[in-house]
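There are 2 protein chains.
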Amino acid sequence: MSAVDTNLGADFGAGLSADDFKLAFRNHAAGVAVITADVGDGPVAMTATSVFSVSAEPPLLVFSISDMSSSTPTIEQAKTVVVHLLEAEQYPLAKLGATHGVDRFADTTQWTRLPTGEVVFPAAHAWIRGEIVQRTRAGQSILVTVHALEAKLPDPADAAAPLVYYNRQWHALTEQSRLG
Amino acid sequence: MSAVDTNLGADFGAGLSADDFKLAFRNHAAGVAVITADVGDGPVAMTATSVFSVSAEPPLLVFSISDMSSSTPTIEQAKTVVVHLLEAEQYPLAKLGATHGVDRFADTTQWTRLPTGEVVFPAAHAWIRGEIVQRTRAGQSILVTVHALEAKLPDPADAAAPLVYYNRQWHALTEQSRLG
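Each protein sequence line maps, in turn, to chains A and B. Here the first sequence is numbered in this note's numbering, starting from 1 and rising by one per residue. Here the second sequence is numbered in this note's numbering, starting from 181 and rising by one per residue.
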């Protein structure tokens, strides 16, 4: 598959300014994931707040990668990725994947490789290994669609406290944050 | 533009089961939006937890619509949509857009039309009006990419309490849910 299958990068008329667009999204929260990939020249890991489930059958998820991310060139070339869906406990991992200029794999006790070769962080309560089935250029980012192949599932008995990000802050959802 | 520009609906090898895929995503939270559209035969409104910002310049956002949603045939044909990004206060609106078999526009005091014709719910703290620039079939859903044209921006002076959804429950993010 080519690095980008379809292109939506160029010709738009006048739209909302970048500042207004960011402000409109200021209060929109998102779940947090760390995505890993490796094309043979060393693994990459990036924190993403754009992961969502698109279809359960076939099982497809989507995320976007910005041209500004150091992990993007690798994810552009990768055949497979691992998407770690994080709980509040894994907040240090989320911060690691969002910190510039550090070796995100320096602590070799924190990660391992699957039999299929991909890098995983076992601390994550849930992860999905999948094949990239489409890449779509969209402005300064690429939308990546992934077909889920394999997963580590969360323990249904565990009390869940999902990790959430908004407006540059990290939050944990608990019974206290629940409405109604 | 055709209803669906690119197709990713069919041929995948064996993947994760639908049940396991849903379980993996169980603890993944999402911000909440209500999307409205109208192609001339009456407005539709649907609650979506798949909205994310893809690119600020040009300003592009993405969401997905399931084949099972009653609003999908209209959004498939629409040229423009309004994406309302909700705070906890607008929780009744989110429930309205997620309730089957009700007339979501019965209370005519809750909505109005923009000069450009689209339906908006003014109670939302922020909304974005945009043009649909791409539709991509992905399994049982369609990925919709929107170029933002106009917005109602949140008041930066307002204390924000974003509305979040996970595992069939609604949550509000506040200072109490903050980590670190």
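Simulated from the structure, these hints should not be mistaken for laboratory data. Some hints here could point you the wrong way.
Ranges of calculated distance between the beta carbons of each label pair, as one might list FRET restraints [unchecked claim]:
(1) A/Gln169 x B/Asp335: 10 to 20 Å
(2) A/Gly42 x B/His280: 47 to 57 Å
(3) B/Phe192 x A/Gly42: 22 to 32 Å
(4) B/Leu203 x A/Gln169: 24 to 34 Å
(5) B/Ser197 x A/Asp67: 30 to 40 Å
(6) A/Ser70 x B/Asp247: 35 to 45 Å
(7) B/Thr354 x A/Pro115: 35 to 45 Å
Below are the BS3-like pairs computed for lysine-lysine, each with C-alpha atoms no more than 25 Å apart in a straight line [as the list claims (entries may be wrong)]:
(8) A/Lys22 x A/Lys95
(9) A/Lys22 x B/Lys202
(10) A/Lys79 x A/Lys22
(11) B/Lys202 x B/Lys259
(12) A/Lys152 x B/Lys202
(13) B/Lys259 x B/Lys332
(14) A/Lys152 x A/Lys95
(15) B/Lys332 x B/Lys275
(16) A/Lys22 x B/Lys332
(17) B/Lys259 x A/Lys79
Take a look, some chain A residues computed to stay more than 12 Å from chain B by CB distance [stated by the list, open to error]:
(18) Ser50
(19) His100
(20) Gly101
(21) Asp107
(22) Val133
(23) Leu179
Here the structure is a predicted model, which means the values were calculated and not measured. Where is the CB? At the ideal position from N, CA and C, for every residue including glycine.
TODO: Run the C-beta distances from A/Ser50 to all of chain B and say if the shortest one exceeds 12 Å.
DONE: Nearest chain B Cβ is 4 Å from A/Ser50, so the label is violated.
Task: Non-interface label on A/Asp107, tested against every C-beta of chain B at 12 Å - done: Given a closest Cβ separation of 19 Å, the condition holds.
Open item on the list: Beyond 12 Å on every Cβ pair: is that true for A/Leu179 relative to chain B?
Closed with: 5 Å, violated
Open item on the list: Verify the CB-CB distance for B/Phe192 and A/Gly42 against the hinted window 22 to 32 Å.
Closed with: 29 Å, holds
Task: Proposed proximity, B/Lys202 with A/Lys22 (alpha carbon, max 25 Å) - done: Cα-Cα ~30 Å, so violated.
TODO: Measure nothing beyond the straight line between the CA atoms of A/Lys22 and B/Lys332; if it is 25 Å or shorter, mark the hint as holding.
DONE: 12 Å, holds
Open item on the list: Checking a non-interface call: every C-beta of chain B should be farther than 12 Å from the C-beta of A/Gly101. Is that right?
Closed with: 20 Å, holds
Open item on the list: Given the hinted pair B/Lys332 and B/Lys275, is their Cα-Cα distance within 25 Å?
Closed with: Cα-Cα ~21 Å, so holds.
Task: Consistency of beta-carbon spacing, B/Asp247 to A/Ser70, with hint 35 to 45 Å - done: Holds, at about 37 Å.
- [ ] Against chain B, does A/His100 hold up as non-interface, every C-beta pair farther apart than 12 Å?
- [x] 18 Å, holds
Task: Distance restraint between A/Lys79 and A/Lys22, which requires alpha-carbon spacing of 25 Å or less - done: With a Cα-Cα distance of about 31 Å, the restraint between A/Lys79 and A/Lys22 is violated, given a limit of 25 Å.
Open item on the list: A/Lys152 and A/Lys95 were given as a pair; does the straight-line alpha-carbon distance stay at or below 25 Å?
Closed with: It holds: about 21 Å lies between the C-alpha atoms, which stays within 25 Å.
Of the numbered hints given earlier, the model fails hints 9, 10, 11, 17, 18, 22 and 23; all others are met.
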